[in-house]
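Peer 1: Sequence:
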Amino acid sequence: MNNSQSASYNAGQAKGQTQEKTNQMADKAGDMMQSAKESVQGAGAQVMATAQGAAEAVKNATGMNK
Numbered sequence: 001m002n003n004s005q006s007a008s009y010n011a012g013q014a015k016g017q018t019q020e021k022t023n024q025m026a027d028k029a030g031d032m033m034q035s036a037k038e039s040v041q042g043a044g045a046q047v048m049a050t051a052q053g054a055a056e057a058v059k060n061a062t063g064m065n066k
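In the numbering used here, the protein residues as written are 1 to 66.
What the hints contain is simulated information worked out from the structure, not anything from laboratory work.
The structure presented is a predicted model; accordingly, all values stated were derived computationally and were not measured.
Cβ coordinates follow ideal geometry from the N, Cα and C atoms, glycine included.
Please note: incorrect hints may appear among the correct ones.
Computed spacing ranges between beta-carbons, pair by pair [stated by the list, open to error]: (1) SER39 with LYS15: 32 to 40 Å; (2) ALA11 with GLN46: 50 to 58 Å; (3) ALA54 with ALA14: 55 to 63 Å.
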């Protein structure tokens, strides 16, 4: 293999490694976004349940829940 072929081969190797690293980083970012979405959904559900419980407590305290 001459110098030109070797340089071309090395450039191809570097490009392939860069693409793979980019794909891995994109996958990791996607996983992090999904995790954040699930955390926010869980927090929202918890807030809603707490608000509903508070509303029921007020209704019970004021006699409106009969």
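Peer 1: All hints, please: hold or fail.
Peer 2: Hints, verified against the model:
For SER39 and LYS15, the hinted distance range of 32 to 40 Å is satisfied, since their beta carbons lie about 36 Å from each other. About 52 Å separates the C-beta atoms of ALA11 and GLN46, a value consistent with the hinted range of 50 to 58 Å. Taking 55 to 63 Å as the suggested C-beta distance range, the pair ALA54 and ALA14 conforms, at roughly 59 Å.
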